[in-house]
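Enquirer: Protein chains in written order, with this note's numbering: chain A, 43 to 383; chain B, 43 to 383; chain C, 43 to 383; chain D, 43 to 383.
I should point out that these hints are in silico values taken from the structure, not numbers from a laboratory.
Quantities reported herein were computed from a predicted structural model and do not represent experimental measurements.
Do not take every clue at face value.
One copy or two, it doesn't matter: identical chains are merged, so the pair holds either way.
What the hints assert, rightly or not - In silico lysine to aspartate or glutamate, EDC-like type, Cα no more than 20 Å apart, as pairs:
| id | residue 1 | residue 2 |
| --- | --- | --- |
| 1 | K168 | D104 |
| 2 | K320 | D224 |
| 3 | K320 | E301 |
| 4 | K56 | D324 |
| 5 | K323 | E238 |
| 6 | K379 | D47 |
| 7 | K323 | E236 |
| 8 | K320 | E88 |
| 9 | K323 | E88 |
| 10 | K130 | E238 |
| 11 | K202 | D264 |
| 12 | K323 | D224 |
| 13 | K308 | E88 |
| 14 | K203 | D264 |
| 15 | K239 | D324 |
| 16 | K202 | E287 |
| 17 | K323 | D113 |
| 18 | K56 | E322 |
Protein chains: 4
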Amino acid sequence: MKKIDVGVLGATGKVGMEYLEMLKDHPWFRVVAVTGNSKVGLKLGELAPGLPSQMRSLEIKDSDPSQVDADLVFSPLPTSVALETESKFAQSGFKIITDASPHRMDSDVPLMIPEINPDHLKLIEKRLRKSEGFIVATPNCTTVGLAMTLKPLNDAFSVKKVVMTSFQALSGAGYPGVPSLDIEDNVIPFISGEEEKVPLETNKLLGTVSKEKNKILPGTLDIFCSCNRVAVIDGHLESVYLETERQIDHPGEILDAFEGIPQELKLPSAPKKPIILKTEKDRPQPRLDRMEGNGMSTVVGRIRQPNRNALQYHLLTHNTIRGAAGGALLTAELLCKQFEL
Amino acid sequence: MKKIDVGVLGATGKVGMEYLEMLKDHPWFRVVAVTGNSKVGLKLGELAPGLPSQMRSLEIKDSDPSQVDADLVFSPLPTSVALETESKFAQSGFKIITDASPHRMDSDVPLMIPEINPDHLKLIEKRLRKSEGFIVATPNCTTVGLAMTLKPLNDAFSVKKVVMTSFQALSGAGYPGVPSLDIEDNVIPFISGEEEKVPLETNKLLGTVSKEKNKILPGTLDIFCSCNRVAVIDGHLESVYLETERQIDHPGEILDAFEGIPQELKLPSAPKKPIILKTEKDRPQPRLDRMEGNGMSTVVGRIRQPNRNALQYHLLTHNTIRGAAGGALLTAELLCKQFEL
Amino acid sequence: MKKIDVGVLGATGKVGMEYLEMLKDHPWFRVVAVTGNSKVGLKLGELAPGLPSQMRSLEIKDSDPSQVDADLVFSPLPTSVALETESKFAQSGFKIITDASPHRMDSDVPLMIPEINPDHLKLIEKRLRKSEGFIVATPNCTTVGLAMTLKPLNDAFSVKKVVMTSFQALSGAGYPGVPSLDIEDNVIPFISGEEEKVPLETNKLLGTVSKEKNKILPGTLDIFCSCNRVAVIDGHLESVYLETERQIDHPGEILDAFEGIPQELKLPSAPKKPIILKTEKDRPQPRLDRMEGNGMSTVVGRIRQPNRNALQYHLLTHNTIRGAAGGALLTAELLCKQFEL
Amino acid sequence: MKKIDVGVLGATGKVGMEYLEMLKDHPWFRVVAVTGNSKVGLKLGELAPGLPSQMRSLEIKDSDPSQVDADLVFSPLPTSVALETESKFAQSGFKIITDASPHRMDSDVPLMIPEINPDHLKLIEKRLRKSEGFIVATPNCTTVGLAMTLKPLNDAFSVKKVVMTSFQALSGAGYPGVPSLDIEDNVIPFISGEEEKVPLETNKLLGTVSKEKNKILPGTLDIFCSCNRVAVIDGHLESVYLETERQIDHPGEILDAFEGIPQELKLPSAPKKPIILKTEKDRPQPRLDRMEGNGMSTVVGRIRQPNRNALQYHLLTHNTIRGAAGGALLTAELLCKQFEL
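Take the sequences, apply the hints, and build the full model.
Expert: Below is the structure:
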């Protein structure tokens, strides 16, 4: 099988390096182009001597469409430059997979969790067939686990209202990120923009493709978030309360049985189980459970049903794997498989 | 003014020592008796050389009614022995103030937050007048802040439903308590018994005294809790979502204006303000705000009103001051003032 | 007694604010001038509403000699600007007390720990008598405790060699300082420049004034340092091994008995005891002991004498109090008292 | 190749489980017997469902020689029972590999780091040939890295004196071990017994076998230790200062080039390099470097040579791998290879 040539924008940053790390042994993708405005002209190997020689020999280019030749482009660009740069690449005919936030809510951009809404890729089908460029986005790291668990519960019981309180890891703030003096012996009960993004993104993820296949009709769940930073390195823990229209029965079995197209297609980055259930009374715990499914599974525990139409549980997602590079790779794999790229 | 003679049961434990510390300069109370089964016969000064000489000279007695002569007895006894020992003291005619859990929900025991339900002391009025013994309890440290904020909000808007997620401090588990290997780079999403206690205690605190003054008719709020341990030394942070029957207006002003009998009576341990409002976008924070009002105030912040009948906010209570010895002292002060002991 | 008018350079930074906090109730000093280049023109009260009204009404000026009218000037300026700005002020006739590093090793600048080397102020006596300006420096926060304990030990036993390993607090790196991702579940075994400063400064502190009173003849101890950052908020712990020329006898008593001029003169910021001895087997500990003597005492423990001429012990100093603003204040107090300013 | 049948004493504890985990895929060893006094009669699979089926089916026996049939026995027993139980097994003819402390300094027990002193196994050769039992011990987790680095330095430059200060991980204290309230925002400058063990064990490790092959003539290095607990999960960091008789030249190359018999024999658990050198200015760091060589390498950095005969450096050892189960396995492998068991 011929590998697909991919580029990585902003490859020289911390997140970019995580992409390269995950791509270096990928069975389908071959990195042929890397950009990084502050290191233009250097060989990638000068920054990352641990990469395979084919990648080490790549020259770092400007984040400009004229400098990149690739079938597919990953964009771990920082928010501040993603908006404009990604648009420029899309207009120049590139297929972009991004985990940056600026384009997530654009009406022509599918926001993807492959297990949840593979059909949302229809939004770009026409452009793909015409060889036009487009952007496919992956959600905020705090949205991922919530949406993953809401999908099967909503399908089964019609979720009306969700109250979510997060315990978010330090790595979610990037590097240098949170000063140690702010978080030692402390919790910071605020993360800028997060409480607004999660409801919007979750409803887009749970939405349906319009008949004209040109937009997403969002879900209508009422979602109330409280986002908090705790002294944990990796792994976003979330405490969820929800109410449903239909009576809840066997919620654990429903979560445990959940599977999606990625599992069916055995996509290379797909975890065996998108949701892993813990039955111990005090799990999931970030340090103990974040690497379940190689960091690609959402771990659920402490399921309690206080009444017929309410449910409480905790969930955990690895924010820098499933919530970033891993989620983008899986999305790219789905795109390639679905449209036989 | 003649001081009131008080005893402290289980005075030799960690919590008992905190009581002694807070009592040593108390303007109304004088410690005249201390018990502690494992240290019987020692002088208190051998264990706590920093106390004033009058206290240092006290001999440690058995936790038995025959060994104690005092007008009022504080009981920071561990849960395992509190049930029986407190009953024995009450039956022997003692007035007990306890922050232990076993008797909190007894129908003849008032559960007290002096700012919220001073009238609940009517439950013991008759026994007090007849010089019979009784138990007065203070709530779980996680209940205190929640009930303190719900009181004015419920009075103003009729709260129907509450979803609370806690970030609880290590000191709440006592000593040795949480092993460091369990909490470093981690969150533990479970605290035994806590999620059951908070709803029951809160509704008792918000309840009304029956006409016969022999029991409390509890409040009827639906309260859903998720209790979690984080790597913070002191200070329980709680993230609250609630729904009301009446339209919410100016919730911040209502919380800020809240005052109670302790403030009116200027009780020695009463904070100037039972609720302190923070307007910064990222407060309250445990390390920065736990000592507000000398650890006796509940600190509230991040007030958000997503719709007419819903409210979100964070609150912080110092769990070992307001949530333990400080809360018990204030309750004792109210009792003494109310009934002119 | 008329108060002495003081100015604070760089008063609007984090450390500057700590100076203002410590100066606001000072019995001898009155803040009459504050500078801070990025906030020029604002009233101090706009930045620090908690200060007394006299201070709140001060207008923030440029850090320029022409803008400041004061008898004495404190300089908590960042290293990058301290070199030039402090020189400019000194040349303009100001008396500067600085805890910044650039001028510490200047031959005409006394480096002061008032308990150790009060006579080093002779270095500026002539200039002071002629009403010329000068700089008086305080040492690095890691030097303070080491020098404080070496002084009496060196006087008694002639110390030859010192091996010191530090466990330094996060606040020593300023704000934002150490990223939480770098220190969570970790130790950083390196602090830039620190291992070079400590030996030089310690030998200057333990040195003697030359006959001409124009320079310090430094001590000749061989000092080997290893400086490390740990996840502690405040308080630098140091583990010390040393060898002496003379036989060591009763080192604990010698350390415990140590006193200096500040104690004799009862200077306002002087701790009752510059060195406090802990006899428990596992002390000093940063969180438990850093506030001893209001953060102005050095706490020593775990004294072990492996042979006649070797000693091991641990020491703890509060790096942002004794190691910064507190040390500067005490030095200013000594200067004022010594020369009847 | 036929596998060697091994037993694990105290297999049901936390450390015992780590042994089983490391043994489950071992190319030479097959676990055929497990003991654990509190779980006698259970199948191992009931406690550890993740083990391979052959191991899961083992019945847990009493820690008694009559209950165990194995060629070699690993003893991760707690200190309190190791003394007597290990002696009993040895007297019954068993070959014991232990990382417990009680027998380490016994004159007939070789204390082993296979890279350092493989010849010390001569101490048990005669007994082995006569099919008598014996104990082979591995050192304290704090000794391992120090001895590993001192071996080549001592061979090259004759080390006279060593001053070592440790930053020890929480896992070194076992479970539950250090209470979180003791270590959060803190350092504990004391670990019981540790400062005595390290010098004795290091000199035994660096010693030579007597002519009669019946005891070890210990090294004569003066070693001064300061042992401290920090908030790190795994990985003991040590800061070392040492003095030598001969002039030090190229210490980094000497450390880097160090190899031992395990590397030569390619023993299954041997790391490629026993010592890995880091040249970055701020390494080794526990969280980043503890897994080097699968946790079996000692990582060295910050090498500084203050004068001809003195050296400073930091080292890091994974305390629960190289310092416990991993070290014991490597020792067992050496024993088997050396004597063709």
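Enquirer: State for each hint whether it applies.
Expert: So, going through the hints one by one against the coordinates:
no.: 1; hint: K168 <-> D104; verdict: neither (29 Å within a copy, 62 Å between copies)
no.: 2; hint: K320 <-> D224; verdict: between (32 Å within a copy, 17 Å between copies)
no.: 3; hint: K320 <-> E301; verdict: within (17 Å within a copy, 45 Å between copies)
no.: 4; hint: K56 <-> D324; verdict: between (33 Å within a copy, 19 Å between copies)
no.: 5; hint: K323 <-> E238; verdict: between (31 Å within a copy, 14 Å between copies)
no.: 6; hint: K379 <-> D47; verdict: within (15 Å within a copy, 49 Å between copies)
no.: 7; hint: K323 <-> E236; verdict: between (29 Å within a copy, 13 Å between copies)
no.: 8; hint: K320 <-> E88; verdict: between (43 Å within a copy, 17 Å between copies)
no.: 9; hint: K323 <-> E88; verdict: between (48 Å within a copy, 18 Å between copies)
no.: 10; hint: K130 <-> E238; verdict: neither (27 Å within a copy, 51 Å between copies)
no.: 11; hint: K202 <-> D264; verdict: both (6 Å within a copy, 17 Å between copies)
no.: 12; hint: K323 <-> D224; verdict: between (31 Å within a copy, 14 Å between copies)
no.: 13; hint: K308 <-> E88; verdict: neither (35 Å within a copy, 32 Å between copies)
no.: 14; hint: K203 <-> D264; verdict: both (5 Å within a copy, 15 Å between copies)
no.: 15; hint: K239 <-> D324; verdict: between (29 Å within a copy, 18 Å between copies)
no.: 16; hint: K202 <-> E287; verdict: both (6 Å within a copy, 19 Å between copies)
no.: 17; hint: K323 <-> D113; verdict: neither (47 Å within a copy, 41 Å between copies)
no.: 18; hint: K56 <-> E322; verdict: between (35 Å within a copy, 18 Å between copies)
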